[in-house]
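S.K.: Residue-level listing of the chains:
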Amino acid sequence: MKTLVLGVGNYLLSDDGVGVHAIQRLLEQNCLPEEVQVIDGGTLGLDLLYLLEGVDRLILVDAVKTSFPPGTLVRLDNEQVPAYLSLKVSPHEIGVPELLMAAQLRDIAPPEIVVLGIQPESLETSVELSPCVAASLEQLVKQVTTEAMRGVA
Amino acid sequence: MRAVEDALKIKIPTNARLIRNIIEGIQYIQDHVVHFYHLHALDWVDITSALKADPEATAKLAQSISDWKYSSPTYFQGVQNRIKTFVNSGQLGPFANAYWGHSAYKLPPEANLMGVAHYLEALDWQREVIKAHAILGAKNPHLQTYLVGGMAVPVDPNSQAAINADKIGQLLGYFAKAREFVEKVYLPDVLAVAPFYLEWGGMGEGCGNFLSYGDFPLMDDANPDKAGDLFIPRGIILNRDISKVLPLDSQKISEYVTHSWYSYGDDKQGKHPYDGETKPNYTGPKPPYEYLNTEGKYSWLKAPRYDNKPMEVGPLARMLIAYASGHPRVKFYVNTVLAKLNVPVTALFSTLGRTAARCIETMVIAEQLETWTKELAENIAWGDLRIHENVHWEPSTWPAEAKGWGWTEAPRGALGHWVQIKDGKIANYQAVVPSTWNGSPRDAQDQPSPYESALVGTPIADPKKPLEILRTVHSFDPCMACAVHVLDPNGEEIVRVKVSE
Chain U
10 MKTLVLGVGN YLLSDDGVGV HAIQRLLEQN CLPEEVQVID GGTLGLDLLY LLEGVDRLIL
70 VDAVKTSFPP GTLVRLDNEQ VPAYLSLKVS PHEIGVPELL MAAQLRDIAP PEIVVLGIQP
130 ESLETSVELS PCVAASLEQL VKQVTTEAMR GVA
Chain W
32 MRAVEDALKI KIPTNARLIR NIIEGIQYIQ DHVVHFYHLH ALDWVDITSA LKADPEATAK
92 LAQSISDWKY SSPTYFQGVQ NRIKTFVNSG QLGPFANAYW GHSAYKLPPE ANLMGVAHYL
152 EALDWQREVI KAHAILGAKN PHLQTYLVGG MAVPVDPNSQ AAINADKIGQ LLGYFAKARE
212 FVEKVYLPDV LAVAPFYLEW GGMGEGCGNF LSYGDFPLMD DANPDKAGDL FIPRGIILNR
272 DISKVLPLDS QKISEYVTHS WYSYGDDKQG KHPYDGETKP NYTGPKPPYE YLNTEGKYSW
332 LKAPRYDNKP MEVGPLARML IAYASGHPRV KFYVNTVLAK LNVPVTALFS TLGRTAARCI
392 ETMVIAEQLE TWTKELAENI AWGDLRIHEN VHWEPSTWPA EAKGWGWTEA PRGALGHWVQ
452 IKDGKIANYQ AVVPSTWNGS PRDAQDQPSP YESALVGTPI ADPKKPLEIL RTVHSFDPCM
512 ACAVHVLDPN GEEIVRVKVS E
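Protein sequence lines, in the order shown, are assigned to chains U and W.
Position in the first sequence (first residue = 1) + 9 = the working numbering.
Position in the second sequence (first residue = 1) + 31 = the working numbering.
Simulated from the structure, these hints should not be mistaken for laboratory data.
The beta-carbon is built from N, C-alpha and C at its ideal position, and this holds for glycine as well.
Keep in mind that the hints are not guaranteed to be accurate.
Said to hold, decoys possible - Listed next, with one range per pair, are the computed distances between beta-carbon atoms:
{"#": "1", "chain 1": "W", "residue 1": "282", "chain 2": "U", "residue 2": "81", "range": "39 to 45 Å"}
{"#": "2", "chain 1": "U", "residue 1": "36", "chain 2": "W", "residue 2": "425", "range": "33 to 39 Å"}
{"#": "3", "chain 1": "U", "residue 1": "36", "chain 2": "W", "residue 2": "174", "range": "31 to 37 Å"}
{"#": "4", "chain 1": "W", "residue 1": "412", "chain 2": "U", "residue 2": "11", "range": "21 to 27 Å"}
{"#": "5", "chain 1": "U", "residue 1": "78", "chain 2": "W", "residue 2": "297", "range": "23 to 29 Å"}
{"#": "6", "chain 1": "U", "residue 1": "144", "chain 2": "W", "residue 2": "183", "range": "40 to 46 Å"}
{"#": "7", "chain 1": "U", "residue 1": "78", "chain 2": "W", "residue 2": "173", "range": "33 to 39 Å"}
{"#": "8", "chain 1": "W", "residue 1": "253", "chain 2": "U", "residue 2": "36", "range": "42 to 48 Å"}
{"#": "9", "chain 1": "U", "residue 1": "78", "chain 2": "W", "residue 2": "155", "range": "29 to 35 Å"}
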């Protein structure tokens with residue numbers, strides 16, 4: 010089973026880049042097995058399409074806007090994914106929904122999609138996370154690791 | 032890079048000039064095709080209507096406009112089945128906000144099905160042809176091989192790791208594919224869709240002023256101000272008067288922050304980018320907010336002006352300036368498109384004009400890539416392997432003070448960087464980017480930007496679903512990251528734009 014951990018977001022807009030921050034940590038820790046691919050998708054949108062080919066489980070790591078307090082960890086799976094997509098407020102919102110639509114139209118959408126994220130506090134221009142999101146980052150990285158390992162025999 | 036090269040008076044070698052032209056050329060083609068099919072097409076093509084199409088009739092339609100290979104009834108049936116599965120899966124979720132079935136969609140089901148098929152084909156095509164960037168730039172989209180003085184790509188016919196005859200052959204292969212798709216799919220699609228939307232040839236005009244810095248130097252000692260030295264010419268058109276192209280004087284460029292969240296000493300005065308300042312000064316309400324006060328500061332974009340006038344930049348500006356300068360291929364394609372659609376040249380000043388100009392430009396560049404690639408091959412064959420001018424590499428060789436202007440035409444429009452160097456360090460650096468020309472807030476004289484002018488008077492069939500607004504905004508190819516406040520996912524801010532007019 011092939012798992013792809015894809016962090017998305019704009020690194021220049023503080024908490025919007027939390028997915029990218031998480032990917033950087035994962036790559037530094039380098040503790041995931043080979044069948045789990047870890048990629049910093051940034052704000053690439055449709056350019057990421059080919060990465061989905063042959064992927065069984067997609068773990069999207071992103072800032073997720075919910076009604077919870079900033080820093081709250083969020084996990085959404087299959088049926089909740091469309092809701093997450095239509096709620097997104099960030100510059101790459103055009104990219105991720107289009108990416109998944111194109112994947113479906115081309116029959117390469119991963120059968121299982123999980124979104125792991127954090128409720129952002131700030132979307133200001135900065136490459137630093139806000140303190141409360143930074144405090145939850147370690148937890149998010151752990152959760153992504155656990156999630157990614159679920160599919161590994 | 033060009034800013035520093037201008038400051039230090041560096042002339043880059045022939046190979047570097049050609050490789051830059053080629054990289055930028057294929058970027059135009061990929062960018063424009065992706066813009067048309069993946070960001071703009073669904074403003075005109077209704078996916079759900081494609082379900083009603085007759086694959087047999089779709090094949091006939093496709094074959095009548097082009098001899099493209101994928102046009103059989105079985106092929107379109109397959110695409111239609113995939114759309115059916117997609118719609119029936121209930122996974123339309125993220126697109127529930129899209130405007131399927133909107134009364135402003137005018138295409139027959141067959142044209143919609145053909146459009147969706149080409150949307151999907153373009154995905155595979157763009158991934159293939161952009162491999163040229165991997166050859167010349169090491170990586171896409173963030174190319175790694177540019178450097179002041181030339182390129183960091185070795186050129187050597189005897190090395191496997193350098194640009195050699197094999198690599199040139201590969202490039203020519205990608206460029207043939209690129210051209211075939213533009214010739215047989217993109218251009219015919221634009222010509223097939225446009226007749227259903229001809230009223231858009233009379234809507235969405237910007238400010239009537241156009242600016243191009245020009246790009247693609249055709250010789251090593253090209254003078255960008257001289258006609259014929261750049262493949263895409265430099266110039267200015269004012270008040271939609273295409274009978275003359277005025278010379279561009281970069282001293283006349285200034286940026287205002289009157290309505291932008293920055294402060295100058297005097298916010299009523301513009302500043303030339305050499306003296307530009309970027310001091311953030313946010314005076315707006317704490318988000319989330321409903322409205323911004325447009326009497327005061329209301330945008331993170333500065334307002335660039337030329338001779339104190341707003342200017343439109345991008346493919347339409349470039350094609351009008353090239354057309355008015357007598358560029359043979361641009362003239363040929365503009366005239367062909369106008370004749371096919373049976374519209375006057377003034378129809379170019381519109382939303383449809385912008386979309387057509389982007390396609391014409393793609394065609395013209397697609398034709399040119401082979402020429403540049405062959406020139407590169409010939410130059411290498413002559414034994415010229417120079418790729419970098421390193422005389423000025425050491426900062427100790429630089430003057431104590433220097434300043435330079437780096438100009439280019441990015442796919443979405445004129446892009447300028449201005450640098451001041453003092454004692455080997457950057458003393459000031461300012462970038463004026465295309466989306467600020469097109470989408471700026473008002474200036475000290477309260478003049479609107481091309482976006483704003485273009486949207487005034489747009490009829491909206493359903494205020495809750497302002498598809499018509501999206502058509503015009505998307506026709507400019509806005510930079511998403513800069514213009515996020517325009518592209519609200521729920522369309523709410525866009526509705527507000529409409530209401531305020």
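S.K.: Could you tell me which of the hints above the structure violates, numbers in ascending order?
M.R.: 1, 3, 4, 5 and 9
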